[in-house]
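Chain order of the listed sequences is A, B, C and D. For the first sequence, our numbering gives the first residue as 1, with consecutive numbering after it. For the second sequence, our numbering gives the first residue as 285, with consecutive numbering after it. For the third sequence, our numbering gives the first residue as 569, with consecutive numbering after it. For the fourth sequence, our numbering gives the first residue as 879, with consecutive numbering after it.
Treat the hints as calculated values from the structure; they're not laboratory data. Note that the structure is a prediction, hence the values are computed from the model and not measured. Every clue listed holds true.
Here are the simulated EDC-like cross-link-like pairs (lysine to aspartate or glutamate), alpha carbons at most 20 Å apart as the crow flies:
{"id": "1", "chain 1": "D", "residue 1": "928", "chain 2": "A", "residue 2": "279"}
{"id": "2", "chain 1": "D", "residue 1": "1130", "chain 2": "C", "residue 2": "770"}
{"id": "3", "chain 1": "C", "residue 1": "820", "chain 2": "D", "residue 2": "1080"}
Footprint (simulated), chain A over chain D, 3 or more residues, beta carbon under 8 Å:
{"id": "4", "stretch": "896 to 908"}
{"id": "5", "stretch": "933 to 943"}
{"id": "6", "stretch": "946 to 958"}
{"id": "7", "stretch": "1143 to 1150"}
Covered stretches of chain B, as calculated for chain A (at least 3 residues, CB under 8 Å):
{"id": "8", "stretch": "337 to 350"}
{"id": "9", "stretch": "362 to 375"}
We put the beta carbon where it would ideally sit given N, CA and C, even for glycine.
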Amino acid sequence: MSAINSRAVQCSAQVVSNKKVGAYHHIILSVDSIAAAARPGNFVAIAVGGASSSLVLRRAFAIYRAADKGSAGGVIELVVAPHGEGSKWLTARQVHETVDLVGPLGTSFGIPTEPVRCILVGGGYGSAPLFGLAEILKARGCRVDMVLGASSAGKIYAPLDGKRSVSSMTITTDDGSAGMHGRVSEALSQIIEENGSELIYSCGPMAMLEAIQEIADKYNLVHQASVEESMACGIGVCMTCVVPLRGSDGVIRMSRTCIDGPVMDGANVIWNSRGSIPEGTWGA
Amino acid sequence: MSAINSRAVQCSAQVVSNKKVGAYHHIILSVDSIAAAARPGNFVAIAVGGASSSLVLRRAFAIYRAADKGSAGGVIELVVAPHGEGSKWLTARQVHETVDLVGPLGTSFGIPTEPVRCILVGGGYGSAPLFGLAEILKARGCRVDMVLGASSAGKIYAPLDGKRSVSSMTITTDDGSAGMHGRVSEALSQIIEENGSELIYSCGPMAMLEAIQEIADKYNLVHQASVEESMACGIGVCMTCVVPLRGSDGVIRMSRTCIDGPVMDGANVIWNSRGSIPEGTWGA
Amino acid sequence: MFNYSTSLGSTVLPNPIVTASGCAGSGKELSQFFPLTELGAIVTKSIMLKPRSGRATPRMAETPSGMLNSIGLQGPGIDSFLENDIPWLQSQSARIIVSIAGESVEDYASLARRVRNIPNVVGIEVNISCPNVENRGMVFSCQPDTARAAIENVRRNIGGEVPIFAKLSPDVTDIVAIAREVVNAGADGLALINTVLGMVIDVNTMRPKLAQKTGGLSGPAIRPIAVRAIYQVRAALPKIPIIGMGGVASGKDALELVLAGASAISVGTATFGNPTAVMKIKQELESLLTERGFDNFVDAVGFAHRMESL
Amino acid sequence: MFNYSTSLGSTVLPNPIVTASGCAGSGKELSQFFPLTELGAIVTKSIMLKPRSGRATPRMAETPSGMLNSIGLQGPGIDSFLENDIPWLQSQSARIIVSIAGESVEDYASLARRVRNIPNVVGIEVNISCPNVENRGMVFSCQPDTARAAIENVRRNIGGEVPIFAKLSPDVTDIVAIAREVVNAGADGLALINTVLGMVIDVNTMRPKLAQKTGGLSGPAIRPIAVRAIYQVRAALPKIPIIGMGGVASGKDALELVLAGASAISVGTATFGNPTAVMKIKQELESLLTERGFDNFVDAVGFAHRMESL
Ligand SMILES: Cc1cc2nc3c(=O)[nH]c(=O)nc-3n(C[C@H](O)[C@H](O)[C@H](O)COP(=O)(O)OP(=O)(O)OC[C@H]3O[C@@H](n4cnc5c(N)ncnc54)[C@H](O)[C@@H]3O)c2cc1C
Ligand SMILES: Cc1cc2nc3c(=O)[nH]c(=O)nc-3n(C[C@H](O)[C@H](O)[C@H](O)COP(=O)(O)OP(=O)(O)OC[C@H]3O[C@@H](n4cnc5c(N)ncnc54)[C@H](O)[C@@H]3O)c2cc1C
Ligand SMILES: Cc1cc2nc3c(=O)[nH]c(=O)nc-3n(C[C@H](O)[C@H](O)[C@H](O)COP(=O)(O)O)c2cc1C
Ligand SMILES: Cc1cc2nc3c(=O)[nH]c(=O)nc-3n(C[C@H](O)[C@H](O)[C@H](O)COP(=O)(O)O)c2cc1C
Ligand code: FES
Ligand code: FES
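Construct the entire structure; sequences and hints are all you get.
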């Protein structure tokens, strides 16, 4: 069932650049072969806290962009919110320091072979993996409408050059400090109806993904969601990051978001199941 | 019984300079009032490892030199061996970073009121507190003979300007890579006999201090030893740093080297007692 | 105005932050950094009948996010304690919780008689996590019968003057069973948890690092064990006040123990890393509670259990 | 030439570094980072009779130098395990230690019958640190009688083919007593220690962070507890081989457990922080042992006890 990302390797990644952008840090890391292997939706797992750290688990970050530089290796870019101890440590790294990194990990967004009309929906730093995806979709001739939401303006991550590849860009904020006042899900129906969207890609908090799935169901659209569960290992060995997922055989299994995800078919995820095992789950 | 150093305060000390010197790092910290309060033999206790550190205990370092700069505060200097995790973290601090520091702590070397002939014996970084002491003794008209020992040349800490205040400087190394081949204790008898020394000050590993005490006993000299036991708090609240010490009332007590020391009357310390409680200890 | 006061049985303290036994010296050492009246109370190090020199050194080993100690209850004995330490603490107007420790059941009775009716003493913590010399050195609180016997002997000798708290070891199969036993024996409250038995081997000497071989593990490493023990005991005995401790180094840590069911928080190892840790924790906990809309500290005690009561 | 091989009863492994049950997935996930033949053996996650979806999420909380988990033995059940996982591991030429877990004494017997005589299986780890549904969910290894019953049932169904190791919980008053019991019941060796029961409270939701409330504490935080348990059991039962585990993240950590008495070292949580942790530990331990003049790994096992034997 599981789809181990066979390209994953461990490397010592050097910080090439680390800049504060709004509420986030935009970090560039030199990572050798990982850049060439990365696909939109993949993530990396980074050891945090340094030599005498009390933080024993890796932290997961979506790959924002990857640039393969041939024999010179390559770089990946991350967008990191200084949230807790681990991400604060990471955003405090200076140029030339190195971090221990494993990647690329997890599944990536599926790319349609035909030009289709897509909506890309990102919440907070969840916008990060969508820009690389937008470029690829655009190159395939897809229409790309992007919707980015956050609690307030500073938490929207939308670089200027990121807008190149999108046909439209809608911003929503919970407090109305930028773009539309409200949630991304509220903006979505209108865009779908106006553009006849066929496919939704999303990345953000679970509650947002769940709300998007309801809309996808309503309009009968395919929804590829990048699911963010709390992860201990990122490589599939700990079983902490699971969500109930209906398999192609119809059976619900507690599936690892680090291996069977983070990108999952939203229609198959049993949403809002934190705290309980849905009835009918295999083995439950 | 105990002699709390009532001048101790807690402060956020900024790194002014951090330079590698032989096997050590010479670190200058700006510390406000602590500089004025420091006496030769006092030490400071520093929190190590940063925000998410797994190292929960402070590390003790002898004050090498202190310079009071009046209203501008003051600086203290340390000589630190990058030994384990804590000291490696400290020696990796860059200029402008701050460390959480408590000091000055512990007892200081007693200064004779009359000019006497003194020997100052230091092992490894144990030489650090002796240079400030030498200056004061010299100013009082004392003869100061210094003996510094270490396992090899790189581990002798003896700055050029430190020699200003001493009448003679003898170096010993266990491997003969600098100065006399052998241990400081072996050089000592000769110096005592040549100069008619009256008082020994020492700072270094316990085994060295014990060997010096034997010589002090033989020549019937006073020996002020700076004792280095493993410390958890540095401020007298944990009882981990004890050595058996005979009090003025003749009773042996397990006494805290952080409060009743580090400078103790060598004749009163019951040496070589690690692993057992000497007979006759109060309460044992 | 936030009401920070807490109740430990018949005792009311102005705030719930207290020192941990054995981690605050005689009080003098800390009073250099803040006035002892700022504390809810000072918990003294466990005092025994006779003077005790403690264990041989090395007595300490640092461990990941924690430390091992085998101080071995070094102390001056009850006579000197009452003559010197207590009057000094009284002179500082400190509220005092006296911790007592015995080597036999009879010791506890004798100690209890000595610590009755002392001004400023607002509670007695009975450290029964110590070896019983009459029973192959088995720790009192690790067996229901010896735990009960020790507490009964204290109870018999202390009327209702001040509440008594039984301090339990977490090194047992069923801490709730031991808690029930000591409460039935007359403890007014509980102190949870003492250190966890551990060992460090020095890879250079290739022998146990502590002279005593084993020692007690404390510090943030054991906090999840403390939270679990407090939560379990609170669930079983919701009316019994608990002095909680184990790895509290921040207001957030303290809040975890309070939500689990602690009415007061003892701070031990954190003080070694930071002499003003208790003051920092006191401030941070107050902020966290007010941010969460609590007007009274006591309303937060055991709040994590609210599911069960629905 | 350093001889790194170790013996676990009748089994000889080329080196003593093995994975910890439940911390190496199905083997496939790690084989991406190094060949499984580099391990002394792979210890599989505890398999039960039936498929099991495990506990609800959140299942994990990070703690200072450790983590809590309540995975709840999610797994495919013995049929699928024997059909899929084992053949794949055999195809990799991995040496396999199969971990089994039951909900009743009878489960252990049934599982033992299924895992007899499987090529490449060099040992059976019997995880008796799980709840006994027939006895109010009490953990088998926390009571001498249920610990004994589970092991007896495995022993009766496994001849001398491969050694069986009883995996014990540290959450007991007297681990030596439990160890004696299971050895008398027929265990060839012991696996020490399983996780320590703990809890984390989320200060935002103000409820236990894990859906299951309590979870098992692992990682460096518990290493001193593991070293102590291994040392105590080794002192009492010096001939019984021990698979040691608990917070090993470096060669130095592994050496501590070896000196205390472990003949093999399981690495769990460290793999989550570093997928190649086992390989690093294997290299570092070899260096440390050769630096200390050991020619044979087995000479270092229990070396910290040499005082006693003088
Ligand atoms: C697939 C994936 C991609 C991600 N991409 C990004 C990204 O591009 N940018 C970014 O800023 N963050 C991203 N995150 C979230 C990020 O991993 C967490 O915010 C981070 O782990 C928090 O670590 P901390 O030490 O700062 O916070 P703490 O809250 O101290 O973390 C404590 C523990 O909880 C876990 N945890 C806490 N919050 C989360 C969360 N929201 N999701 C998962 N685990 C959590 C951590 O792994 C850690 O074990 C991603 C998470 C996943 C799973
Ligand atoms: C009064 C005093 C003055 C000191 N002055 C200096 C100095 O000027 N320069 C210097 O380089 N070092 C000095 N030391 C030694 C220094 O404190 C230790 O080397 C340091 O604590 C080791 O920390 P670590 O994390 O690097 O090593 P680790 O070995 O990882 O330390 C682990 C633990 O053991 C304790 N410990 C280890 N070695 C020693 C030791 N030799 N003495 C005391 N505690 C130890 C530490 O406090 C810590 O808790 C002094 C120690 C004392 C007690
Ligand atoms: C050095 C040291 C000495 C201690 N002495 C005592 C003592 O005398 N009596 C007692 O009941 N507990 C004693 N304890 C246990 C603490 O009071 C406390 O229960 C334990 O350390 C857990 O809290 P902490 O993690 O905040 O330190 C001692 C702990 C340490 C670290
Ligand atoms: C996520 C996780 C899952 C575990 N699953 C099992 C299991 O299935 N069976 C078992 O016997 N032990 C299990 N354990 C316990 C480990 O095998 C090991 O005994 C414990 O974690 C201590 O080792 P460590 O500190 O190296 O992780 C698990 C531990 C963790 C962290
Ligand atoms: S994070 Fe460990 S299995 Fe997914
Ligand atoms: S170091 Fe704590 S009492 Fe001396």
